[in-house]
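Engineer: Keeping the supplied structure of chain E fixed, place chain V upon it in accordance with the hints.
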Amino acid sequence: MAPQILLLKEGTDTSEGKSHLISNINACQAVVDIVRTTLGPRGMDKLIQDDKGKVTVSNDGATILKLLDVVHPAAKMLADIAKSQDAEVGDGTTSVVVFAGELLKNSKEFIEEGVHPQIISKAYRKACELSLQHLNHLAIDIAGKSPEEKQTLLERCAQTCLNSKLIAGKKEMFAKMVVEAVSSLDPDMDIAMVGIKKVQGGSLSDSQLVKGVAFKKTFSYAGFEQQPKKFTNPKIVALNVELELKSEKENAEVRIESTQDYQGIVDAEWSIIYDKLEKIVATGAKVVLSKLAIGDLATQYFADRDIFCAGRVPEEDLKRLMKATGASMQSTVNKLTEDVIGTCEVFEEKQVGNERYNFFTGCPYAKTATFIIRGGSEQFMDETERSLHDAIMVVKRTLKHSKAVPGGGAVEMELSKLLREYARTIHGKSQLLISTFAKSLEIIPRTLCENAGLDATDILNKLRAKHASNLSSVGIDLTTGEICDTWKSMVWEPSLVKMNVLSAATEAACLILQVDETIKNAQSNQGSDSFGAGGLPGGRRGGGAGGRGRGRPF
Amino acid sequence: MSLIFDEYGRPYIILQEQERKTRIKGLDAIRSNITAARTLARTLTTSLGPKGMDKMLQSQDGDVTVTNDGATILKEMDVENQVAKLMVELAQSQDDEIGDGTTGVVVLAGALLEQALILLDRGIHPTKISEGFDKACEVCLDKLEQISQKIEFNENSYDDLVKAAMTTMSSKVVNRYSQQLAEICIKAIFSVADFERKDINLDLIKVEGKVGGTLEDSVLVNGIVLDKDVSHPQMPKAVDNAKICILTCPFEPPKPKTKHKLDIDSVEKYRDLQKAEQEYFRDMVQRVKDSGANVVLCQWGFDDEANHLLYQNGLLAVRWVGGVEIELVAMATHGRIIPRFSEISEKKLGRAGKVREVSLGTTHDHVIFIEDCANSKAVTIFLRGGSKMAVDEAKRSVHDALCQVRNLIRDQRIVYGGGSSEIACSLAVSEFADKVSGVEQYAIRCFADALDAIPSALADNSGLSSLETLGALKAAQTKQNNSRLGVDCLGLGTLDMKEQNVYETLLSKKQQIQLATQLVKMILKIDDVIGPTDALT
Chain E
1 MAPQILLLKE GTDTSEGKSH LISNINACQA VVDIVRTTLG PRGMDKLIQD
51 DKGKVTVSND GATILKLLDV VHPAAKMLAD IAKSQDAEVG DGTTSVVVFA
101 GELLKNSKEF IEEGVHPQII SKAYRKACEL SLQHLNHLAI DIAGKSPEEK
151 QTLLERCAQT CLNSKLIAGK KEMFAKMVVE AVSSLDPDMD IAMVGIKKVQ
201 GGSLSDSQLV KGVAFKKTFS YAGFEQQPKK FTNPKIVALN VELELKSEKE
251 NAEVRIESTQ DYQGIVDAEW SIIYDKLEKI VATGAKVVLS KLAIGDLATQ
301 YFADRDIFCA GRVPEEDLKR LMKATGASMQ STVNKLTEDV IGTCEVFEEK
351 QVGNERYNFF TGCPYAKTAT FIIRGGSEQF MDETERSLHD AIMVVKRTLK
401 HSKAVPGGGA VEMELSKLLR EYARTIHGKS QLLISTFAKS LEIIPRTLCE
451 NAGLDATDIL NKLRAKHASN LSSVGIDLTT GEICDTWKSM VWEPSLVKMN
501 VLSAATEAAC LILQVDETIK NAQSNQGSDS FGAGGLPGGR RGGGAGGRGR
551 GRPF
Chain V
1 MSLIFDEYGR PYIILQEQER KTRIKGLDAI RSNITAARTL ARTLTTSLGP
51 KGMDKMLQSQ DGDVTVTNDG ATILKEMDVE NQVAKLMVEL AQSQDDEIGD
101 GTTGVVVLAG ALLEQALILL DRGIHPTKIS EGFDKACEVC LDKLEQISQK
151 IEFNENSYDD LVKAAMTTMS SKVVNRYSQQ LAEICIKAIF SVADFERKDI
201 NLDLIKVEGK VGGTLEDSVL VNGIVLDKDV SHPQMPKAVD NAKICILTCP
251 FEPPKPKTKH KLDIDSVEKY RDLQKAEQEY FRDMVQRVKD SGANVVLCQW
301 GFDDEANHLL YQNGLLAVRW VGGVEIELVA MATHGRIIPR FSEISEKKLG
351 RAGKVREVSL GTTHDHVIFI EDCANSKAVT IFLRGGSKMA VDEAKRSVHD
401 ALCQVRNLIR DQRIVYGGGS SEIACSLAVS EFADKVSGVE QYAIRCFADA
451 LDAIPSALAD NSGLSSLETL GALKAAQTKQ NNSRLGVDCL GLGTLDMKEQ
501 NVYETLLSKK QQIQLATQLV KMILKIDDVI GPTDALT
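Protein sequence lines correspond, in order, to chains E and V.
Numbered per UniProt numbering, the first sequence spans residues 1 to 554.
Numbered per UniProt numbering, the second sequence spans residues 1 to 537.
Isolated chain E, as found in the complex:
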């Protein structure tokens, strides 16, 4: 008997060839099916509960895919492009997955007929390149326009982005807020300078934009309530010092010979902290903030001298505050000179819902803004936060690139038309393939229709007819279920989002098409070896403990 050649470890799963490719595509299809219904203003939300019972309600493609914890290697690629779209432009995460899925689906028949995947991907890349060029022509640039016009463009882009979200009902209000927040930032537009805070209770319309920094009242000791809660033009000190009566060195030990010395030690300890406090007071600061704890003694000391203090301020808030007020964090209270002390126009502690918040407004240095989201439930506010993040990103990117294209599927239809026209001028297999790419582009308007419960075929036909007669900005009006000029109906999208959707989806599709073999290690290592990059799920540590889908103990 011929000896068996063992190449791979036992339990390793391999599959290859055409059938493998098809099966990869099918797997991707399954993922696309999950997010497909979230696309567009009539898209629905998903409720996802994880093992620990945490519930997330979301409409954001990237969030959904992240929470689904996709492990199929090919399908994971789609989850990854959604993630990268989110990181890069913030919006269009569902579109990118849907489009990539459609490209793959349409290539399936070519694969089955024996077209080499390389040819397919080459043609797709070509088509993608052409679309990007066309997109640039179609986009309207507002770089040279007046500030008012820019403002409207930005607001419209933000509104379009918010259209599909839970907060669509208040999109005008939020779009305005987002644009205001982003435009108040410095030219480098560090998104970290926009804080988003959530306070349960109240209705969505009670949400507000604070031009400055706001954060929740920190844990306070007795005496805090006696401190003044409002200042105008206060001096602000930011510290990284523990203002508490405590042992200076961890393992130090003092030996005392006589009882007289005892009082000396006690006094010495007190004088250390009093010294610190005195130095702070000497600067004339009225607001003392610290990353570390401010103890009860210090709280009362400050209360005595009409100074406001807050200990254990979250680091990110403190960072924003420092940038905004010009204060810099000090790890010692020595040398608190004028240049490390910040200021703002108004400091105030105010009630927001059931919480008390510290507001710092009118900051002289870096511009910063804070959203305070109000809403009925935690999930609702979480989703609002994600939506706002998307909108902020969109506005930020648009500010930089200042180009917009009509939304509502209009730009996809136009690109599709242009590609078809181009396809007719070339020979060979690529003609078919580029037409397929063009057809795949139609998935966006098609899905928009399907989600809204409209007759997709009917509407796409109308759209094609309009685009054929050179009305390039005609898209779907989902409120009436008809077609309209989306440019006029103010459904604008930043061209950057579209560009990224096209290129990322094409890349991903080509990548998946070019895989002809997958070698999967045995299950027990699965989590940590090949595809574990996306973070380990709970209960998977310790690899070989036979942890194959065993039920968790109750």
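Be aware that one or more of the hints could be misleading.
[Unchecked claim] If you want the footprint, here are the derived chain V segments under chain E, 3+ residues with CB under 8 angstroms: (1) 84 to 91; (2) 262 to 273; (3) 313 to 326; (4) 515 to 523.
I should point out that these hints are in silico values taken from the structure, not numbers from a laboratory.
Beta carbons: idealized from backbone N, C-alpha and C, even for Gly.
Structural biologist: Just chain V, lined up with the frame of chain E:
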């Protein structure tokens, strides 16, 4: 999880631990979500209104709560279902923001969902329903603004405020004493309110309860009540013109935080030590005495030795006073919190007209009243009641009433209760529905129907025929063009809620409708539920 198979019949493993996940999607998901939320809402329906019933809830530890406060019921129910949890949060956020109307908001959300289900069965797209509800909500808010009335009050005449606070309490067990409690609440709010900024820090009102006596014995203490007793039985039990020394350091020899060790190698040294210790005590008490204080409140304990010395010096001392109380006392008496003995000075002492220890009934319980403080900006509502449950429920009711009054100070507009404003909104919404073209019309009309749920639940709970009452009320409101007509729950013979003195704040009503609509929109937008198998079945 919906499984798909490749051509060899092997399942795709697409998601992590996919076999343990369940997925419901499409209309089924919406339907199952609505059913869950509705079930929860139905539990609360019977608690609505002055004739609403209470629920008895037993926690895992066997603690029993009796209440008809929506937020409390839901919190104690410990629901598992994720959509039902959203309802719980809904009630919670109404509680956080307004403090009252928690039952109403859940009932309304339940009714809206019920209507949404009918619409879904007719094949209307969920987002269309949301849009319709949204429009209807706007109409309601406008209508509420229209029918709202501004009430006037000041520190001397606050009849309307009393009525509003009484409305809140009318549905609670405490309703027999609502007049008295309402006045207590209003006085409490007035003494802490900052009318200029319209800001009221409810933290300054302490609600303290003790079992024993009846609710009638509840009082508003112009100062602080400490649930503590005097540290030494022979100390004076009452001090007039008290000067209070508020300490956050223990009556002990000071301890350095650094590790230390005292070497004692001879008898002399030991004696020295003992002497020094005594010296410390004497010195401490002397300092307190010298400053002119006659009451000592300490956050920490005293040594017996110190206790004795304090007693000998004729001081009234209280030990182990909590940090929050210390702060409140300091604010109320204009005192400063003193962190160490060497800083005691006369200037830092707090002043109060009277400090006394009171024993309650025949029990050995003592409480300390600190009254007529220099700054009346901190007050205590001291509640008495026959049982712990009754006291707890009274506390919740007082909290609701306090919130109600606070909201009225923020916004003086009121609407009339008894379901009258809902009926008015319902009429406005149905009228509006006729003007809307498109599918939304149906949704808007259903919104109007959902609004009827509140008055009809009120009627049901009061033993009236809901359909009859509702019909009559709607007709009467339209005919007389009087939006004050509501359900006569108490059988007083008039439908006019102004005469019945049933007032609710505009803020609360608006918030109820907005929050309920928001939640319903959120639930309607979910078409896919993915979660662990055991959680969904």
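Engineer: For each hint, tell me whether it holds in the structure or not.
Structural biologist: Hints, verified against the model:
1. 84 to 91: Holds, because 4 residues of the stretch 84 to 91 of chain V bring their Cβ atoms closer than 8 angstroms to Cβ atoms of chain E.
2. 262 to 273: That given contact holds, which follows from 5 residues of the stretch 262 to 273 of chain V lying within Cβ reach (below 8 angstroms) of chain E.
3. 313 to 326: With 3 residues in contact (Cβ-Cβ under 8 angstroms with chain E), the coverage given for the stretch 313 to 326 of chain V holds.
4. 515 to 523: That given contact holds, which follows from 5 residues of the stretch 515 to 523 of chain V lying within Cβ reach (below 8 angstroms) of chain E.
Going through the hint list in order, the structure satisfies each hint without exception.
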